[in-house]
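**Q** So you can see what is in the structure, the chains are spelled out below.
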Amino acid sequence: MNPHTHGAPAEGLAPKRADELEHLLGALGDPANPTGAAAILDADERAEMLPAGEALLHDYGLNAEFVPPEHGGRLDRADHLVEVMRGLYRRDPALGLGYGASSLIAGVTLWTAGDAVQTAFAARTLLDGRRIAVAFHELAHGNDMAGMELAATAAADGLLLSGRKEVVTNLRRADALVVLARSDPRPGQRSHSLVLVDRASADPARLTDLPRFTTVGMRGVQLGGIGVDELPVPTSAILGPVGSGLESALKAFQVTRTVLPAMMSGILDTGLRIAVEHLTERQLYGGLATDLPYVRSQLTDVFADLLRAEAFGAVGTRALHLLPGQTSVYSSAVKFEVARLLLRAMDRLAELLGAHFYLRQGPTALFQKLFRDLAPVGFGHIARAACQMSLLPQLPLLARRSWSKPGAEAPGDLYALGAALPPLPFDKLALHAAGRDAVAGSLHALADAPWSPEHADLRAAVEADRAELIELAAECVPLAPVDLGVDARPEHYDLVTRYVRLLARTACIEVWRHAEPGTFLAGPAWLRAALHRSAPGPRKPGPLPGPVEDALFTELCHRRGDRRSFGLTGRALTV
Amino acid sequence: MTAGSRDVRTWLTERVATYLRRSPQGIDTSVPLADYGLDSLTALAITADIEDEFEVTVDDALTWDHPTIDALAKVLGELLGQQPTVDDTGVKGV
Numbered sequence: 001m002n003p004h005t006h007g008a009p010a011e012g013l014a015p016k017r018a019d020e021l022e023h024l025l026g027a028l029g030d031p032a033n034p035t036g037a038a039a040i041l042d043a044d045e046r047a048e049m050l051p052a053g054e055a056l057l058h059d060y061g062l063n064a065e066f067v068p069p070e071h072g073g074r075l076d077r078a079d080h081l082v083e084v085m086r087g088l089y090r091r092d093p094a095l096g097l098g099y100g101a102s103s104l105i106a107g108v109t110l111w112t113a114g115d116a117v118q119t120a121f122a123a124r125t126l127l128d129g130r131r132i133a134v135a136f137h138e139l140a141h142g143n144d145m146a147g148m149e150l151a152a153t154a155a156a157d158g159l160l161l162s163g164r165k166e167v168v169t170n171l172r173r174a175d176a177l178v179v180l181a182r183s184d185p186r187p188g189q190r191s192h193s194l195v196l197v198d199r200a201s202a203d204p205a206r207l208t209d210l211p212r213f214t215t216v217g218m219r220g221v222q223l224g225g226i227g228v229d230e231l232p233v234p235t236s237a238i239l240g241p242v243g244s245g246l247e248s249a250l251k252a253f254q255v256t257r258t259v260l261p262a263m264m265s266g267i268l269d270t271g272l273r274i275a276v277e278h279l280t281e282r283q284l285y286g287g288l289a290t291d292l293p294y295v296r297s298q299l300t301d302v303f304a305d306l307l308r309a310e311a312f313g314a315v316g317t318r319a320l321h322l323l324p325g326q327t328s329v330y331s332s333a334v335k336f337e338v339a340r341l342l343l344r345a346m347d348r349l350a351e352l353l354g355a356h357f358y359l360r361q362g363p364t365a366l367f368q369k370l371f372r373d374l375a376p377v378g379f380g381h382i383a384r385a386a387c388q389m390s391l392l393p394q395l396p397l398l399a400r401r402s403w404s405k406p407g408a409e410a411p412g413d414l415y416a417l418g419a420a421l422p423p424l425p426f427d428k429l430a431l432h433a434a435g436r437d438a439v440a441g442s443l444h445a446l447a448d449a450p451w452s453p454e455h456a457d458l459r460a461a462v463e464a465d466r467a468e469l470i471e472l473a474a475e476c477v478p479l480a481p482v483d484l485g486v487d488a489r490p491e492h493y494d495l496v497t498r499y500v501r502l503l504a505r506t507a508c509i510e511v512w513r514h515a516e517p518g519t520f521l522a523g524p525a526w527l528r529a530a531l532h533r534s535a536p537g538p539r540k541p542g543p544l545p546g547p548v549e550d551a552l553f554t555e556l557c558h559r560r561g562d563r564r565s566f567g568l569t570g571r572a573l574t575v
Numbered sequence: 001m002t003a004g005s006r007d008v009r010t011w012l013t014e015r016v017a018t019y020l021r022r023s024p025q026g027i028d029t030s031v032p033l034a035d036y037g038l039d040s041l042t043a044l045a046i047t048a049d050i051e052d053e054f055e056v057t058v059d060d061a062l063t064w065d066h067p068t069i070d071a072l073a074k075v076l077g078e079l080l081g082q083q084p085t086v087d088d089t090g091v092k093g094v
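Chains A and B, in that order, are what the protein sequence lines are. Each step along the first sequence adds one to the number in UniProt numbering, with nothing skipped, and position 554 is 554. Each step along the second sequence adds one to the number in UniProt numbering, with nothing skipped, and position 28 is 28.
Just so you know, the hints here were simulated from the structure itself, not pulled from any lab data.
Here are some of the chain B residues that sit facing chain A, going by a computed Cβ distance under 8 Å:
| hint | residue |
| --- | --- |
| 1 | Tyr19 |
| 2 | Leu20 |
| 3 | Ala34 |
| 4 | Asp39 |
| 5 | Ser40 |
| 6 | Leu41 |
| 7 | Thr42 |
| 8 | Leu44 |
| 9 | Ala45 |
| 10 | Thr47 |
| 11 | Ala48 |
| 12 | Asp60 |
| 13 | Ala61 |
| 14 | Trp64 |
| 15 | Asp65 |
| 16 | Pro67 |
Backbone N, C-alpha and C fix where the C-beta goes; we use that ideal spot for every residue, glycine too.
Take these sequences, add in the hints, and give me the full structure.
**A** If you want it as structure tokens, here you go:
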């Protein structure tokens, strides 16, 4: 099943198998390609998963990407997983979520909380190319996991499950479900448990599949629901101790809250390519559209935003390996910021494309699908607002322990994106970061580091950011936790926005400083653009400085000509 | 209950009172913190205060497993054991 072998820790920005998958998926523009744009759009119009795509991914063994090596899979590096999955999101996000990410989300709960028997079952299910669904969501409770009602009551030999789950990917098609169930009727954080239900051994008379939920985007994804009527499950089906469900989920989902937005940048990558192709061929007002300064400026801004989204996503993703005790903060920050950047950039491209963003036919037709498919990045799995809410109560502690003065620094490999990584430490994920923040905290050392004279502007930006971090710390330290709960005032939410902006800027600066010399990432143009685009202030940043825009637009055109990705890795593509 | 855990409880009550902007006298130490409006994530912040105050490392889910001041004081008292911890005037070194 698994043709890919393991040896020394993998190095490099992307694994070889990402290129293999890219090659298998083939050219988007080839009308004869069964996984090309024409077939993808056709499946979308019918609100079905692309059969040829699912078959291809089954043969490729995509599910092995979601299984850690100790359980027989290929999940050795979360950032490599992201790069593999971008190949899917670049073409058909419905395949990315519907074939891929939904089983990944289920998987991380197993690798975090499952025992040897449970993880072996899950690994076997996934490596056989079957699915596991994550049955958490109840429409009445949204992101409020502690409110979920599907009940698990004690029975003779285990539990009886009763209740409903709604809008769950692949619920009907999955061989197993990870169910979040209320095992204690009292309110509190120890009142829920995760239960692994094997559909093959579950009494079908106790399960009723609800009609499919239809959606605006990701139309092919099979969103189901289920009614459960006193379904008996054995004690051995509970993941971890009874009552540990919320804790396990909050830890495990740090992985998926980070990597899902990171992989969805593949959508923007293709969106940008469609826009550039369209606008470089389009004659407007007696010349090429891309000769218009406004169009060039907008395209370059989107390119810069894609790069900074991926840089922040990469640091967050690598932190899962290297700073798992801090990723309760970084995962929410990545989801909050990367989703924002991707959504806003896609909106700008839509404005540039005008009517062509709205057409369901012709050479730009894939754009309207990608535009619709991207939307869940803002609310799927967890909503941006919920991330903001979960960051807020952590701010005073972060301020006190990490922001005010130089402190513990992150290992340099966090930012050296090609460097090998230790295994994902699912057992080291923590409910809260206890005020530790090596990334933002590194602003102190960055400002004091030696800088070459030609980067004086960058150094000045770092010094300003350090001053802003100290000021933010002074505002956050005195805040009382009771003011930072779910009913916090809007101005307090702005503190999260300011913090995440600083965090993302610092991630970009560190990625640039640790980039391999001579590469595009080691050049200052993209960083200057990233810092300009994320500059503080009440007004939106203006156009990029001329030389920065020229350098980035030239790079954009080169990559288009060479058929390389527009993201961090600049990899050769077959799109 | 030992004298040590009573002192830990006094400190915890004052800390929670500060968090809630209430007077310590108005806090029932047997009532779950959530009932006073400290939500689950906010309650986690208390563990960091405990760590700073007593120079110990505690489980990150401490306040979830011990959701009242009484329960927290009991487990902390046990954790701090025979070591001198706090007296009426504040912290002694540990």
